[in-house]
Amino acid sequence: MPQQSLYELKRGSVIPATLITGINSDLPGRITAQVSQNVYDSATGHRLLIPQGTKLFGRYDSKVSFGQSRVLVVWSDIIFPNGFTLQLGGMAGTDAEGYGGFYDKVNNHYLKTFGSAVMIALIGTGIDMAVPQRSTLATQDTASDAARRNFTETFGRAADRTIQRNMDVQPTLQIRPGYKFNVLVDQDIIFPGQYN
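Residues in the sequence shown are numbered consecutively from 214, following my numbering.
Worth flagging that the hints you see were computed from the coordinates, not collected in a lab. Mixed in with the good hints, there may be bad ones.
Stated by the list, open to error - Capping the alpha-carbon separation at 27 Å, the derived lysine-lysine pairs in DSSO-like fashion look like this:
| hint | residue 1 | residue 2 |
| --- | --- | --- |
| 1 | 393 | 276 |
| 2 | 318 | 268 |
| 3 | 318 | 393 |
| 4 | 393 | 223 |
| 5 | 223 | 276 |
| 6 | 393 | 268 |
| 7 | 318 | 276 |
To be verified - Have a look at the derived ranges for each label pair, beta carbon to beta carbon:
| hint | residue 1 | residue 2 | range |
| --- | --- | --- | --- |
| 8 | 261 | 289 | 16 to 26 Å |
| 9 | 270 | 365 | 50 to 60 Å |
| 10 | 401 | 276 | 22 to 32 Å |
| 11 | 336 | 281 | 27 to 37 Å |
| 12 | 369 | 298 | 19 to 29 Å |
| 13 | 296 | 385 | 34 to 44 Å |
| 14 | 272 | 331 | 36 to 46 Å |
Predicted model only: the values in this text are computed from it and were never measured. Every residue gets a Cβ at the ideal spot worked out from N, C-alpha and C, and that includes glycine.
Kindly generate the complete structure, drawing on both the sequences and the hints.
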């Protein structure tokens, strides 16, 4: 497609930036970043379109699957130093190497997941040791034997539910402020003119 304007940033271009606000995937949220170097027109590379220091406004997704290590980020607005705002319509954020999403710190909650399983196993073992073994001589349970057995079964079911709930905990992805990334331009952007 031919160039539509002298002040055009073609799709496939990148806008380098640095994250100002952090990301924690436990909840969805809004984020801001700052353009880290001047961005010039695609045709000549001489017309300043986005100056260093321009702000970016976007959002991130909190839907994270087990084993996922990247958080999805989209950028909706560019806010220029002169106050002019340009809507981007949800352009993707990529890491410095161009991979989709951001990767920094991942907490898979292994201690919570497996720690509860170990605790329940230890408690269950203690209860099993407390319940008397059936004797071949005794044909009837005492009331205390029946109560212990009932408690053991009830506790076992509750333990299974607790372990299952902890196994379903999604990882927490954290991206710290200062993270360097690129906004991948996925559609041609025409600016009203060169930035002054």
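Checked hints:
Of the pairs offered as hints, the one joining residue 393 and residue 276 holds, with about 22 Å between alpha carbons and a cut-off of 27 Å not exceeded. A threshold of 27 Å between alpha carbons decides the hint, and for residue 318 with residue 268 the separation of about 24 Å falls inside it, so the pair holds. Our distance criterion of 27 Å between C-alpha atoms is met by residue 318 and residue 393, whose separation comes to about 14 Å. Taking the CA atoms of residue 393 and residue 223, the gap is about 22 Å. The hint holds against a cut of 27 Å.
Pair hint residue 223 plus residue 276 does not hold up; C-alpha atoms about 31 Å apart against a cutoff of 27 Å. Simply put, residue 393 and residue 268 have alpha-carbon atoms about 14 Å apart, close enough for the 27 Å limit, and the pair holds. The hinted pair formed by residue 318 and residue 276 meets the criterion: a straight-line CA distance of about 16 Å does not exceed 27 Å. Taking the beta carbon of each, residue 261 and residue 289 are about 22 Å apart, inside 16 to 26 Å as hinted.
A beta carbon spacing of about 56 Å between residue 270 and residue 365 agrees with the range 50 to 60 Å that was offered as a hint. Against the hinted window of 22 to 32 Å, the Cβ-Cβ separation of residue 401 and residue 276 comes to about 30 Å, which satisfies the hint. As the Cβ distance of residue 336 to residue 281 is approximately 32 Å, the hint placing it in 27 to 37 Å holds. Between residue 369 and residue 298 the beta carbon distance is about 59 Å. The supplied range of 19 to 29 Å is therefore violated.
The hint said 34 to 44 Å for the Cβ distance between residue 296 and residue 385, and at roughly 36 Å that hint holds. Checking the proposed 36 to 46 Å range against residue 272 and residue 331 shows it holds: the Cβ atoms sit about 38 Å from each other.
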